[in-house]
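Chemist: Listed here are the chains, written in short residue letters.
There are 4 protein chains.
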Amino acid sequence: MSRKHDNSAILLIHCPDQKGLVIAVTEFIFKNGGNILHLDQHVDEQQSVFFMRVQWDLETFAIPNDRISEYFETLVASRFDMHFQIHFSGEKPRMALFVSKLPHCFYDLLARYESGELEVEIPVIVSNHDDMRPVAERLGIDYHRIEITKDNKLEQEQKQMELLARHNIDFVVLARYMQILSEQFIDAYPQRIINIHHSFLPAFPGARPYHSAYQRGVKIIGATSHYVTTELDAGPIIEQDVSRVSHEDSVEDMVRKGRDLEKIVLARAVWNHLHRNVLVYDNRTVVFG
Amino acid sequence: MSRKHDNSAILLIHCPDQKGLVIAVTEFIFKNGGNILHLDQHVDEQQSVFFMRVQWDLETFAIPNDRISEYFETLVASRFDMHFQIHFSGEKPRMALFVSKLPHCFYDLLARYESGELEVEIPVIVSNHDDMRPVAERLGIDYHRIEITKDNKLEQEQKQMELLARHNIDFVVLARYMQILSEQFIDAYPQRIINIHHSFLPAFPGARPYHSAYQRGVKIIGATSHYVTTELDAGPIIEQDVSRVSHEDSVEDMVRKGRDLEKIVLARAVWNHLHRNVLVYDNRTVVFG
Amino acid sequence: MSRKHDNSAILLIHCPDQKGLVIAVTEFIFKNGGNILHLDQHVDEQQSVFFMRVQWDLETFAIPNDRISEYFETLVASRFDMHFQIHFSGEKPRMALFVSKLPHCFYDLLARYESGELEVEIPVIVSNHDDMRPVAERLGIDYHRIEITKDNKLEQEQKQMELLARHNIDFVVLARYMQILSEQFIDAYPQRIINIHHSFLPAFPGARPYHSAYQRGVKIIGATSHYVTTELDAGPIIEQDVSRVSHEDSVEDMVRKGRDLEKIVLARAVWNHLHRNVLVYDNRTVVFG
Amino acid sequence: MSRKHDNSAILLIHCPDQKGLVIAVTEFIFKNGGNILHLDQHVDEQQSVFFMRVQWDLETFAIPNDRISEYFETLVASRFDMHFQIHFSGEKPRMALFVSKLPHCFYDLLARYESGELEVEIPVIVSNHDDMRPVAERLGIDYHRIEITKDNKLEQEQKQMELLARHNIDFVVLARYMQILSEQFIDAYPQRIINIHHSFLPAFPGARPYHSAYQRGVKIIGATSHYVTTELDAGPIIEQDVSRVSHEDSVEDMVRKGRDLEKIVLARAVWNHLHRNVLVYDNRTVVFG
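Residue numbers (my numbering), protein chains in the order written: chain R, 3 to 291; chain L, 3 to 291; chain P, 3 to 291; chain X, 3 to 291.
Hints may contain errors.
As the list claims (entries may be wrong) - Among the chain X residues that face chain L by a calculated CB cut under 10 Å, a handful are:
1. H89
2. S91
3. G92
4. Q217
Claimed, not checked - As a list, the in silico SDA-like pairs of lysine to any residue whose alpha-carbon atoms are at most 20 Å apart:
5. P:K33 with X:M163
6. L:K21 with R:N274
7. R:K259 with L:R246
8. X:K33 with P:L77
9. R:K259 with X:L120
10. L:K94 with L:R270
11. R:K259 with P:L77
12. X:K21 with P:E61
13. P:K259 with L:P136
14. R:K259 with X:S117
15. X:K259 with R:N274
The hints are simulated quantities; they were obtained by calculation from the structure and are not laboratory data. Don't be surprised by glycine CBs; every beta carbon is placed ideally from N, CA and C.
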């Protein structure tokens, strides 16, 4: 759905399911002069958890932006044991792009960035190679080659993290970045590192999934975008898509068809992340919208 | 989503969009002791129309079932110029099945009926042929052959409508019924006649769509389930799906592949209709869930 | 493609790739007065294996049907180290249907059988339960309940195999038959037992795949039809298809959506098997058509 | 399938169906020392037309490349009333890219070009605007702004065609080029102008298809790539794909989702055109591979 509103707030909630949740939240907004633009709600009945995403117009809202969080905590959240985040439509999240040598996801995201499709700032690109430097320079984006070897990983990651801090990075996108991040890095950006894996997870995790897909003789290949957790390729899935293949497709054909899947799936995940559509719970995602 | 609740109410609403709609509805439910199980809401921003589907547990609800409609009208709907329907999860809608000679959608719906997948009563089957009589008899469903010719259409439809009235039919499913219904019939069941058309509408309306699809050389064929209106194949679309074809597919192959599409698409439309997920506005549908 | 020809032969070949294969086969057909109706050819370049399916009209073919195999062996196959099978369009393969209690694939296949969509004979149905007996009786198909326990498996399978032998069964379809076949059974019907598994293999093999899919939070579910081998759910895949799910789908919803996938995927696999479109090599399939 | 062979010939044929076609062609190749790498054949049974694409290794082929066409005409084609084309894998076709202001297909094709995914030369870009000039300059591609108005169309197209001639252009890709080409232009490049239309043709031809799709309430949108003919949006379809939408999708959302479809569908069409997989007959395409 279209959700562009110059001056609106987005509230993401999860908490144990119980009576009166919807009314409590909508009352908070309505009584203070907010007009609800979108409301999505979901109950996981198996686990009895309540999820909500609500967006409202701030035009005539009585509580100043920088106090909404405090007021909501006091008046609503504390009563229901809620976890919540508040975002404002005016804020552009700041994203770092990590890339190695494969250009397709990288080019695709930058074309969307250039054309204004993604409402995001990309102040910095990090790579273990120099291949993508010219593209970054053309767009005026800071490009840092930080080579990673078995021996220097932790200290090089330290440099990466300083860079992210310096650029006030909100989240990281791994656009076919061929390095496995360490636990320290991952823990610093919980649910804020988006990866694209070139298989239909949980099938074919790890290296060379197209080769494995070919070997197994599957009739459909896929791509999966997920938040990175410390267990490899096992983080909460944001988006997946698939493409039909046949015996006529060599590994090379799968790689080619897969590139388009990877581009689309990663871009959708980033779009949903940017629109604050994604809630994570119990290693699964609720993706509203 | 799963929505089986032995004792719940479902409220479907549409009205001009304005402030305070969500709060008004949820307050009505909450203040009277209802627990909201599902809430879906949608605003058509182009037309400024608000849509809502809300389902709540009646276990501890203060208003008796047969008064909810009146109370809601008085306390909420009248203030906001709302159109609304109330349904109860315990009620099984009564469906009439119309069929000609093509058996695939017919068999498929009856298999779902027999296996309990569809929570519906099917007391009567109507056909212009005798082919399906044995199946109906086996299942103990009343079967009526009512032959339609150019000359007797209106009077034969009269018989059909009396039959539907006698069986207290709520809605009609045309499972590849090869007759065009008259205006009088259609007007008697507004948004309550579901048809399956064997093309991706609005492409290829009318007769022989697979032949037309073959002729045009499309690479994808489709099926469309819609509510019947007086304009042929132009009613509000409930569900569509598609299947890839190639130059290798003859018209006969398209017919074969299309059969599976038709079955699935019609069954999904019926399922959504039964679960009260469908709202019609301006010849389009909102399908929640 | 449509391949109904009252009097044609179908030749399936695989052999090491080398020069002159296509010409050798087409010459054999042409020089003896056959008219090629369809020719599909595939080379697995990674393994250097050649595959072919060719169908020709027998109307004016010089070699009598019962000698074609011998002539082809002598004149062509032996020169190129070919594995081949010859089938005739007039022959209806004989299929045994194995089922437990879940009816959807069973009903679906029988509806296709009844309506003439599948050119096959189904002389016998085998089950470890009595639930489906009435359907079998209605269609005049021999129904055998053969209960399987941990203790009697081999001797009960012996009965099943005698039954198959008595009915001259060509291939077996497991329409959600909930028993694991023993090695002796599987070895007796190599590439002639078709199973439907309710996941997108190799993801979620074994029991309760929808529960696992829900747990993992996938955004797409699938179904896989494959030839049964002695390694569970690891046989050559004939067909797969998928359906999108979301956080709104409970396990029960996945089961419901999955039923439609299973029906379609199994039916397509059976259809391709019947049309002699499937060649197995190195635990993968070539599916022509 | 993978078809990269440094030194191979590709022969595309269509002719009235008759006995002996496959053998005649394969014999021509085999007897002259060629090794068949791929052979695809198709018979349109409704129209009794035979289609073939065959690729063979030229390594040990006896006939020199520049005489193959003449020899084939004399020895085979003339006997069977064949239309044929011969291409060589070593030749890189020369493509002109036409664009207006919408960048997504343009960027996508150029990214594929830059990364070597498309084996093509793009010597010239033509636009009625200046927006894309920087991208062209960065890649060293000749960029020509040729403004088109109602009054100057034919003379401006004359300039375009001179440009194409000067650059030895083989085929033209309209990457969301918002002008309708005149008959004279189209006739000069029969089956050599590829367009992307942002709907599932034949639904919603002409202007503003996403608005029409929204209005009609379809549940699936599509994109279609086709060869341009003088009838608007009615040329032979090369590729189509679709994407699911719902009531939640505004026109703007459809435009966004459609962009990804358009990119993928156009790229696949160009890829198939480049690999000589496409044959046109009776305003439909045979797409091998």
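Chemist: Among all the numbered hints in the text so far, which are the ones the structure does not match?
Modeler: 1, 2, 3, 5, 6, 11 and 13
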